[in-house]
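There are 2 protein chains.
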Amino acid sequence: MTAKEICELLAEKQYKKIKESFADVNVVDLAELLEELPERQMIMAFRLIGKEEAAETFSCMEPREQQILVEALTERELRAVLDDMFLDDTADLLEEMPANVVERILSNTDAETRRQLNQILSYPDDSVGSIMTVEYVDLKPSMTVKASLEKIRRVGIDSETIYTCYVIQNKKLIGIVTAKSLLISDERKTVEEIMESNIITVNTHDDQETAAHLVRKYGLIALPVVDKEGCMVGIVTVDDAMEVMEDEATEDITLMAAVAPSEDSYFGTSVFRHARNRIPWLLVLMLSATFTGMIISKYEAAFSALPVLVSFIPMLMDTSGNCGSQSSALIIRGMAIDDIHLRDALKVIWKEVRVAAVVSSTLAVVNGIRIYIQYGQDLRLAFLIGLTLVCTVTLAELIGCSLPMLAKRCKLDPALMAAPLITTCVDAAAILIYFSIATAMFPQI
Amino acid sequence: MTAKEICELLAEKQYKKIKESFADVNVVDLAELLEELPERQMIMAFRLIGKEEAAETFSCMEPREQQILVEALTERELRAVLDDMFLDDTADLLEEMPANVVERILSNTDAETRRQLNQILSYPDDSVGSIMTVEYVDLKPSMTVKASLEKIRRVGIDSETIYTCYVIQNKKLIGIVTAKSLLISDERKTVEEIMESNIITVNTHDDQETAAHLVRKYGLIALPVVDKEGCMVGIVTVDDAMEVMEDEATEDITLMAAVAPSEDSYFGTSVFRHARNRIPWLLVLMLSATFTGMIISKYEAAFSALPVLVSFIPMLMDTSGNCGSQSSALIIRGMAIDDIHLRDALKVIWKEVRVAAVVSSTLAVVNGIRIYIQYGQDLRLAFLIGLTLVCTVTLAELIGCSLPMLAKRCKLDPALMAAPLITTCVDAAAILIYFSIATAMFPQI
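First to last, the protein sequences are chains R and U. Anchor point for the first sequence: position 87 equals 474 in our numbering, and the numbering is continuous, going up by one each time. Anchor point for the second sequence: position 82 equals 469 in our numbering, and the numbering is continuous, going up by one each time.
Only chain R is shown next, with the shape it has when bound in the complex:
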């Protein structure tokens, strides 16, 4: 079923046929399909989705289309969709909508839901509280396995996951029971007997990345969220954790290329927004590159006397810049996936010093030989470039590995200290080293 076919069927008023074919489409694909339709057709098609799938399909759609639908649906239709949506999806929706739409949505939810929504929305952006869901299965320690399974049967349909149940006593989380252990245990046992009391939890105010890490590290399907008092308030499910992981990697890659990260997709971001995300860093880097230019100006006499010196500038700048970004990228990613910790700082620096020794001497030798051959066996020139490479590459790797760790130490995002910034820092240093060695070696300049 393509968007074009749907439009044709809608024009022919073949509603039943559309309804039937929708039943076979996964809600994620259905959402994508609807987004391709023109506005009026999208609204018509949405009304033809089965009651069970409508809310899920709606949750999968982009904010722009969600807003069109909210504004087009009748009070009764809207209420039906909102009733079937999970609270975390409704909270996401509210965050994206303009004030008048938010009002309309809230007026169609009951008081208890409104209270829970306000709770979720009150947590800071990027905190665990803002992505958690409050719909989970809670059990009492004294319940039997049989009673627990019956409870799951009763409330399961409204819970985002039933595969991990939470054992609560006086609002405190005291254990977890998986559906697997309920299914394979004797029906007469109590929850207390089969529960796992060594639980991994996360706090509402922790960074959402922390939650994603824990889900990934311990292979969880859902992670319980507790508040400051240790009371259970919600769960983070593995699908939300995957989304956080993907978004965080995207943010890092974007930042590492000196672009302010955007929450929207590439095409969902306007041209001016794109430009606004890119210009600030470019300006900063441009002005600092000017500094490198000023260093060069200082050595005008040197390259006027020996113009060949200028032709090595791009190679020296690029190579040291590349070495710096290589180490910074490895360190930034290593810290992001919890492979490198701040306490390892000295170990990292010692490793990079040794890597730099191997890398810089290889590059120096290869380049030295090339220059010796190309420039009429000028040993001094070959030696100058080789020595400069050893110094600049070593310095570049040290700067490349230290700056991201320093940023983390200062609670900044290490991804800021990637290629663009490192390159600019390293460039100035490389030029300075290059001309210092050159003027020392060639007294005539």
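In short, the hints are calculated from the structure, not lab data. Some clues are possibly wrong.
Unchecked claim - Below 27 Å or equal to it, Euclidean Cα-Cα: the simulated DSS-like pairs (lysine-lysine) are: (1) R:K406 to U:K567; (2) R:K604 to U:K567; (3) U:K604 to R:K604; (4) R:K567 to U:K558; (5) U:K406 to R:K604; (6) R:K567 to U:K604; (7) R:K559 to U:K567; (8) R:K533 to U:K567; (9) R:K734 to U:K391; (10) R:K576 to U:K406; (11) R:K558 to U:K567; (12) U:K567 to R:K567; (13) R:K527 to U:K567; (14) R:K391 to U:K734; (15) U:K438 to R:K567; (16) U:K406 to R:K567; (17) R:K576 to U:K538; (18) U:K567 to R:K576; (19) R:K538 to U:K538; (20) U:K391 to R:K533; (21) R:K438 to U:K576; (22) U:K391 to R:K604; (23) U:K533 to R:K576; (24) U:K538 to R:K533; (25) U:K685 to R:K604; (26) U:K685 to R:K685; (27) U:K527 to R:K533; (28) R:K567 to U:K538; (29) R:K576 to U:K438; (30) R:K391 to U:K604; (31) U:K527 to R:K567; (32) U:K533 to R:K538; (33) U:K533 to R:K533; (34) U:K576 to R:K567; (35) U:K567 to R:K538; (36) R:K438 to U:K604; (37) U:K604 to R:K406; (38) R:K567 to U:K391; (39) U:K576 to R:K538.
Fit chain U to the known structure of chain R by using the hints.
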């Protein structure tokens, strides 16, 4: 419990105390704890882990420690661990071990397991087949819900997930049933009545990234894997999908910084291995930067006559390089998360042209003003640099967005076309544009 405490307790032969405290530790943490111990103590401590947790802890450990353990355990101990391990973990283990250890492991598994292991190991690296697990719950369409739940109770303990069960007829996958729907459905219904027949599957030979994408996109807990004939052969679970997602993001970030990706951790990679991963690209980029140097040499007369020209080289090179890497990073990541497709190529280029217009004119104006003020109201110089910036930035953004798409078109990894390579290409172009405009504008040089 810290590594030091364990060593002390081991020295005091307080085995019971260690055993008890191990019972409260999550297997992932236990594996990390054991890895911190000296070899002999690690082997002793491993023997104190409860039977149920031993295999899981072993699966979570690093290859180096796994090898030490395999070599130290008796045949009976090894068999016990292998029996409780999931097949995909055993396959991972075999891939990492030297030949003699592989032999020892295989001689301790039964014929059927060996056959399945060989099957998994025969799939290409990075294919879905190589990460799938063959332990899942299969149901027949005619089974009742009650019978299905009983089957789960019986075989569940040996399956990696029981939360999605697969309905098989003549070896073909015809539907899926979630544990949730089994639990909330009437016990007398048949599997056929409640199963979902619109299934998302993946092929054994597909890229593992495809599987991770599907799990992420559809929010799955497990994804069924079929062979060329459509017969069900295994599943990919969400925890493996998360691992693939993390590894692929790491690989992209590493490649984007011109480092050959390594499967090992930062500290797990030796200094020489690190150097070997970094040197090849550095050499290629260094030699191509030499090309930029040769272009500069051509204009020796120009900068001898007007030495101030040289001092703008770093700023022009850096700025255009940065613009190029900004667009390439956005496009590479956009393609990696399926946000940008090859069919959007023209749309991307048109968007980047407009972004380039805004970005380059802003940079040109800011820089023009600065130069006008700094260099004694030299309008011609300000205009030269401004015009060069407009040309080079536009070109850089076009190269930055096209090369990754071109790489994808040629079935190369788009991440290769990131900052380092783009910078080198753009540098040569920027220098050429700069001096061409300069010689045209300043006839005296």
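> Failing hints, ascending?
Replying inline: The structure breaks hints 20, 25, 38; every other hint is satisfied.
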